[in-house]
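Based on these hints, arrange chain B on the given structure of chain A.
2 protein chains.
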Amino acid sequence: MTENPLVLFMPSGKRGRFPKGTPVIDAARELGVYVESVCGGRGICGRCQCEVQEGKFAKHGITSSNDHISVLGPKEIRYAEKRDLKAGRRLSCSAYVQGDLVIDIPQDLQVNAQVVRKADDGRIIERNPAVHLCYVEVEEPDMHKPLGDLDRIMAQLETEWGYTDLMIDQHLLPQVQKILRAGEWKVTAAIHQDMDSSRPSLIALYPGFHNEAYGIACDIGSTTIALHLVSLLSGSTIASSGTSNPQIRFGEDLMSRVSYVMMNPEGREGMTTAVRTAINNLIQNVCTEANVDTQNILDLVFVGNPIMHHLFLGIDPTELGGAPFALAVSGAVHSWASDQEIFVNKGARIYMLPCIAGHVGADAAAVTLCEGPHRQDKQMLVVDVGTNAEIVLGNRHRTVAASSPTGPAFEGAEISCGQRAAPGAIERVRIDPETLEPKVRVIGSTLWSDEPGFANSTSTIGVTGVCGSAIIEVVAEMFLSGIISEDGVIDGKLAEKSDRIVQEGRTFSYVLWRGQQEMLIRQTDVRAIQLAKAALYAGIKLLMDKQGITEVDTISFAGAFGTFIDPKYAMVLGLIPDCDLEHVKAVGNAAGYGAKMALLNKGYRREIEDTVTKIEKIETALEPDFQRHFVNAMAMPNKLEPFPKLAKQVKLPKRQLMADGAIDDGSPRRRGGRARR
Amino acid sequence: MTENPLVLFMPSGKRGRFPKGTPVIDAARELGVYVESVCGGRGICGRCQCEVQEGKFAKHGITSSNDHISVLGPKEIRYAEKRDLKAGRRLSCSAYVQGDLVIDIPQDLQVNAQVVRKADDGRIIERNPAVHLCYVEVEEPDMHKPLGDLDRIMAQLETEWGYTDLMIDQHLLPQVQKILRAGEWKVTAAIHQDMDSSRPSLIALYPGFHNEAYGIACDIGSTTIALHLVSLLSGSTIASSGTSNPQIRFGEDLMSRVSYVMMNPEGREGMTTAVRTAINNLIQNVCTEANVDTQNILDLVFVGNPIMHHLFLGIDPTELGGAPFALAVSGAVHSWASDQEIFVNKGARIYMLPCIAGHVGADAAAVTLCEGPHRQDKQMLVVDVGTNAEIVLGNRHRTVAASSPTGPAFEGAEISCGQRAAPGAIERVRIDPETLEPKVRVIGSTLWSDEPGFANSTSTIGVTGVCGSAIIEVVAEMFLSGIISEDGVIDGKLAEKSDRIVQEGRTFSYVLWRGQQEMLIRQTDVRAIQLAKAALYAGIKLLMDKQGITEVDTISFAGAFGTFIDPKYAMVLGLIPDCDLEHVKAVGNAAGYGAKMALLNKGYRREIEDTVTKIEKIETALEPDFQRHFVNAMAMPNKLEPFPKLAKQVKLPKRQLMADGAIDDGSPRRRGGRARR
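If you read the protein sequences in the order shown, they are chains A and B.
The first sequence begins at -15 in our numbering and counts up by one.
The second sequence begins at -15 in our numbering and counts up by one.
Chain A with its partners taken away, still in its complex shape (with noise of 0.2 Å):
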């Protein structure tokens, strides 16, 4: 008896032996290679599309050919005929296994993508959305069998696509009977299941045949709030879009914006109202830009920080604001865009990715999704900075999570010549070691200020201060440089050698910039970095502490900070732990790229959820080690610590701390953390 065919399907690898006459499309569900289909077989809405492969394919010891899948059979040809099926494309749901065959699922955005990731890796994700679209030809009504129009649609969705015992969303009720006499007795509907466990819905009715349904996935920031609209049937991404978020006029940062419910009964519902307001703007944004009819938006997923995700579901805060820090919920929340005011689609759905803990957010469980420590063999470090620090740590045996108080530094707050970016703002720093002479470059203009034609590139922005993520490199050159020592202080002796140095009252400070403005970093300056990098290096400490490791094998720099910031500017200043510099990168907008993910693949959501579940959180207010790491972590880049990899690519200043650790800053500010805030 000879062996049945064996079919392989590439990007996966996924592989599995059929009997000839195996449609294509069962071989791939069966080996659970997703594979879109909105018509049901009836070779119409071409989702299903795929490619034969033809040749030898050595490893798997297969020979791929088109003599080994059926001919082009009359559903294909109508296709082809009406729409634009390319040479060599075939319906998986109307070609038959034949042979031995490998099958290319295409990543044609067009058609039935799978999902690449950006810049920094070539991963692929598999789609498996909440969402299904499915036409179906549904009876005329009988007055012998007088079933109801949406019931003989319930029947026709069980007979065709195996559903069950639908829920039915309560706005189709009054809709169903002027859709099906549109569509003809025609319908495509949308289901919704997003827990396999869980009853599917019936959340939205199209007359006729249907072939668009998108999807939004959303990081609510305190700062920005970032949407992309995605094709739930081809997995693209057709436009995305951004905004600030307009609570900041209720209070710049998280604290002040709780403070605000606090102090005013109606200030929750306003805030909340601002950020709906804001994510309709921009739905409408993509949705104009794309040529996209909301009403084909069906599932929605969002992320923020634990009180950006309260805000949003209309929950108050306040809680959030002291200890215990308890959230309302953290668990994953399901729930209709029209409860939540947004206006797409009546039954589409919004998915929130779980919290970790009260400060640790879904925007944190998103970057984790994203990043994966869960998944890794090797110690992995993901490390989300802003007001607080979200950092994650782990291999798929344990994880752990913490946030720590950085404070508003790290974003250029609470630095005298601090700004946000903008044209004009610095961006690069360089010291020259021997002259203490700075050369910079600012946004707007790529030259450095010692190139010529610097001052002509900038003559119309001006260089008016500097951005948050230049402040590191601006530090970490002042001590690479020897402005300043490790324990951070503005050497004084300096100012015989250099007029760079200047006196300001009992401490110094470095003149970086003489232009229509002069810039000063003053002790002050350097005094507030130490003080956000302790936490959170301090942070991250505890946590390779509670994973017994001295040493993290890769680093991941999530968020905006983390785009524009050199990771090594980062290690010289003790940030993060030592770590081969190739194996710290930047991830971007990892938050936003976990809500994709949980968009396209209800098995992320899974996934995720379980993560968060396993996640040990550590609350590092309440871990003694904590204090004696911070202090620790107040020099550059440690008292203790050793950064050998880091000494391999940078020379480092020696070591000169006084024995017991205290750092002389001539300040009456010495030692100790920072209240949380």
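Read the hints as simulated data drawn from the structure, not as lab findings.
Here the structure is a predicted model, which is why all the values come from computation and not from measurement.
Among the clues, some could well be false.
[Stated by the list, open to error] Computed from the model, here is a short list of chain B residues facing chain A with C-beta under 7 Å:
1. P130
2. L131
3. D133
4. L134
5. D135
6. S182
7. R183
8. L297
9. I299
10. E303
11. P308
12. A310
13. A312
14. K601
15. E603
16. L606
The C-beta atom is built at its ideal place from N, Cα and C for all residues, glycine as well.
Just chain B, lined up with the frame of chain A:
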């Protein structure tokens, strides 16, 4: 080895053997005896009270005594001290089996009543509502275990009550923290689980221990809306109220309301708002009367004919206005009260019974559930008379249903001296067959018109018309006294014998009342009743044909009409087929009672859903035999059918129809059906 003790529960008679030490509540639940418990065995809710019946129960071979149950425990003693525990009562959560027992679940309305059929029979209906209250004590928030407040409630509901995988109503998210803190980490959760196979939902939360939960059962009639407030914890009806359906201002009968919708673009919305407002007002009334907070209403069951059903749900009923009379939805509808703008607890659910067909609605389903032809061994005919008559006929093997277009004559419309039931309206009539003199009784007086004092007793109310149900009696008495022949013609020759017979144009009339105003029963009035009763009888006959039977065993007359007419006269006129009069009963508002059954026991929901799918629907308009039956049924009681059982109790006039069945009424309108309206 001795056998385990035998425990018998009354009044259900369910029994089983259980090891000594089994809590009585566990024994009950294992046997499917529903015993309420809110506090989860803490001995504080008192809902699970039971009584030990003492003595020897020969039939069951049981000797039951107080020795056979554990002595009063500390929880019971505490409960008895704090609240009122009647002598002999036990808490079944805290009392343990020690020997053979006969346990009575008391029919105490304040505690745990089962539902007893109102007046006409005594059958017991067990309770198993879709909503349960569950009291839990929740852990306080802990920074080391940062589970959200809601998540800790869920964890406790799983541990104590076994609810896994609960869904959460979104409106609870903003409330959960305040409720939990107001209750000092104690909270009572309302869980809704309608289908046992579906995921349960957390629909309401109350701070601390909460021992109240109510439901609404409502019959939305085209003329009247009747509504009952029912305790879900005890089963008792707390208050009832009714009102005219305010849609009457849009059209007196159903079809004129459908026309109104077709003519007015905003018509549907206006009628939906009107009926919902009326229902909200009724809910306010019953809650005020019973001093119940609307926030304690958690489940609502609605029934109504298809047009009322659709208008309540906001569905345009236009399709029901013409063939093929397509329902938008025929299956049971599950919804949120808030979605239908019914203002009770925001998490409250609505259940609407399924519709049987385009003319046989959820009200007929409720009547079917109440009367239960599908539960009978014998053939039961259930008739609900309105503008259309809904007819259900069958037994446990097969049930058939139809709607017959009786028109409004039975409701007093189209009758020259007809009026609504009100003081002064004639409700009873007897005609002396010798003298042809009538005597009457009017609403508001207990005297017959030939009794002394009648004039006095009606001096203020007067004698103003004939109420709908009495029309049957007048015409039947006219037939029995020979004033009209069985073909319905008023015999003009009798004018010679009595001045009660008067000529008006080509036909004759009967003077029923001479007073301030003269009331005449005209030939057209008799004809209107004949047409209505022929339609009803023809529909019934069609169903009997389908069942292959020539007589029915029992007849239930549902609705107000059935309550007020005398079944004897209904049969004399031939509204219904021949039957022992003692097996013909009026069953009152069976639709409302069916709604109440579905409210109190979700098992009845499954029963009627299952029954409705099995009922064979007969569309009278499509049945060729309908017209023939209709023509035969124009005669009184019927041209062809014998009424031997009736004849034993009532002296029927001798047959004298012409051989060909033609009816000579002297008017141009002869034989023939009516257009459905």
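Here's how the hints hold up against the structure:
1. Given hint, P130 (chain B) at the interface with chain A, holds; its Cβ is 4 Å from that chain's nearest Cβ, closer than 7 Å.
2. A least Cβ separation of about 5 Å between L131 (chain B) and chain A falls short of the 7 Å threshold, and the interface hint therefore holds.
3. The interface hint given for D133 (chain B) is met, as the beta carbon of that residue sits about 5 Å from the closest beta carbon of chain A, less than 7 Å.
4. The closest approach between the C-beta of L134 (chain B) and any C-beta of chain A is roughly 4 Å, which is under the 7 Å cut-off, so the hint is satisfied.
5. Satisfaction of the interface hint for D135 (chain B) is found here, the shortest Cβ-Cβ separation to chain A being roughly 5 Å, below the 7 Å cut-off.
6. This hint holds: S182 (chain B) has a C-beta 6 Å from the nearest C-beta of chain A, less than the 7 Å allowed.
7. The interface hint given for R183 (chain B) holds, since its Cβ lies 6 Å from the closest Cβ of chain A, which is under the 7 Å cut-off.
8. Taking 7 Å as the C-beta cut-off, the interface hint given for L297 (chain B) holds, the closest approach to chain A being about 5 Å.
9. For the restraint placing I299 (chain B) at the interface with chain A, the shortest Cβ-Cβ distance is roughly 5 Å, inside the 7 Å limit, so the hint holds.
10. The beta carbon of E303 (chain B) comes within 5 Å of a beta carbon in chain A, closer than 7 Å, and the hint placing it at the interface holds.
11. Of the supplied interface hints, the one on P308 (chain B) holds, with its beta-carbon coming within about 5 Å of a beta-carbon of chain A, less than 7 Å.
12. At about 4 Å, the closest approach between the beta carbon of A310 (chain B) and any beta carbon in chain A falls short of 7 Å, and the interface hint on this residue holds.
13. With 7 Å as the threshold, the beta carbon of A312 (chain B) comes within range of chain A, its nearest partner Cβ sitting at about 5 Å, so the hint holds.
14. For K601 (chain B), the interface hint holds, the least distance from its beta-carbon to any beta-carbon of chain A being 5 Å, beneath 7 Å.
15. This hint holds: E603 (chain B) has a C-beta 4 Å from the nearest C-beta of chain A, less than the 7 Å allowed.
16. With a least beta-carbon distance of about 6 Å to chain A, the hint placing L606 (chain B) at the interface is held under the 7 Å criterion.
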